[in-house]
Amino acid sequence: MRTPAPDSRPVALTIAGSDSGGGAGIQADLATMAAHDVFGTSAITAVTAQHTRGVESSHVLPIAEVEAQLEAVTDDFDVGAAKTGMLATTEIVETVADHATAFEFPLVVDPVMVATTGDRLLEPEAEHAYETLLGEATLATPNTDEAAVLTGIDVTDEATAREAGETILETGVDAVLLKGGHVPGETVRDLLVTDDGTRAFEHPRIDTDATHGSGCTLAAAIAARLAKGDPLEVAVEGATDFLARAVRYYADVGEGPGAVNHTVELRNAAHREPTAEAVQSVVDRLVAADVSALVPEVGMNVVGATPYAESVAETAAVEGRITRTLSGSQPNRGVRFGASSHVARFLLSAREFVPDLRFAVNCRFGPDVEDALEALGWPVAEYDRDAEPTDVKTAEGSTMGWGARQVFEGRTEPPVAIIDRGDVGKEAMTKLVASDPETLAERVLALDDEVTE
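Numbering (UniProt numbering), first residue to last: 1 to 453.
It should be emphasised that the hints constitute simulated quantities derived from the structure, not laboratory data.
So the derived label-pair ranges between C-beta atoms look like this:
(1) 184 x 449: 48 to 58 Å
(2) 7 x 56: 34 to 44 Å
(3) 68 x 334: 55 to 65 Å
(4) 313 x 205: 18 to 28 Å
The model shown is predicted, which means the values in this text are computed figures rather than measured ones.
Cβ atoms here follow ideal geometry from the backbone N, Cα and C, with glycine treated the same way.
When you get a sec, could you build the whole thing from the sequences and use the hints?
Here you go:
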């Protein structure tokens, strides 16, 4: 017989309704907790029949059943944190508040009061009962509509968000995270308000309607991180980053807008090793073919991004680049994550417009390369850093974003090759991009053949 090897992990509890469509509620919470390597437990308050297009019906569970679930979980499990979602009725809110007085772990309250349509989901008595529940909570995560219900303050900017947050603190909750998703603008700003001050968490707004369940997912991610021992501010920062990626790379399921991708972090992590191996395969092909004719003076680098990459740390590249030697082109060292700065930032910026792009390489540029590109007939674009605005030049890391916008924004056919004409005193470059490593390698070899024939 084999010896068992138990897997011990933190435990979190979600107290919420069931979403048969899987995008929100208990299903979203448990998936989010699992994605954070936390064991999820639940107390279901209501059962809904819904999908990506809306809610068909709902049924609230009897109070005795909600209480039985709470007692069963807290009696047996060493719960590290809990969160609430849809509580449905005044009686359930009051019941959870009563049980929360005995909780010896952090509680995140997502005050689900207002539907996306603006409709109230609770009777006024239940809204008042939330004040008692908040008094037992570590964190409240209202959106602007819910903050207005709790405070009477219309949240339209940071000043009113701070005012609403400070008002909610008067209930006795330790902290308030005012979610900014409903405030118009190109940036989503979530404001954490505590007795010690405020901190904003900002992310670029994502052009999608697939945000159903985003509030559930955020609260569950915070609870999971608290269960793992993260301080509150660290938990909120990690959870807001998690949600931004989960919304951008949403799950394209159902006939409606889609669903938040609760497992995106797990899937991204699983692709790290294959991505590094893919970059190494391209490097091996280029070295074997000796593409010295395309290696710039500063060296060549091959970069690969994980499918859901959001930072340079999630791109694999050659440490020290590929350089020309007496025996041909050779990598200075091996492939590792975060090894590239310039090419990696360009690839990440390009992915803002063409998310399928995952691989890039920088090559030399000159009249012969320009002629070769014309002969190959590839879609080619270019940008000239002499035309770069002064404020972009002085902002660290922003040049690649500006360059990518010049060549990718608004184009129906993405370019294969991008000419970076450099800046005063800097070497011009040709960047090749592709969605897969094989295509990238073939493009480099084709360009090399055209240049050297």
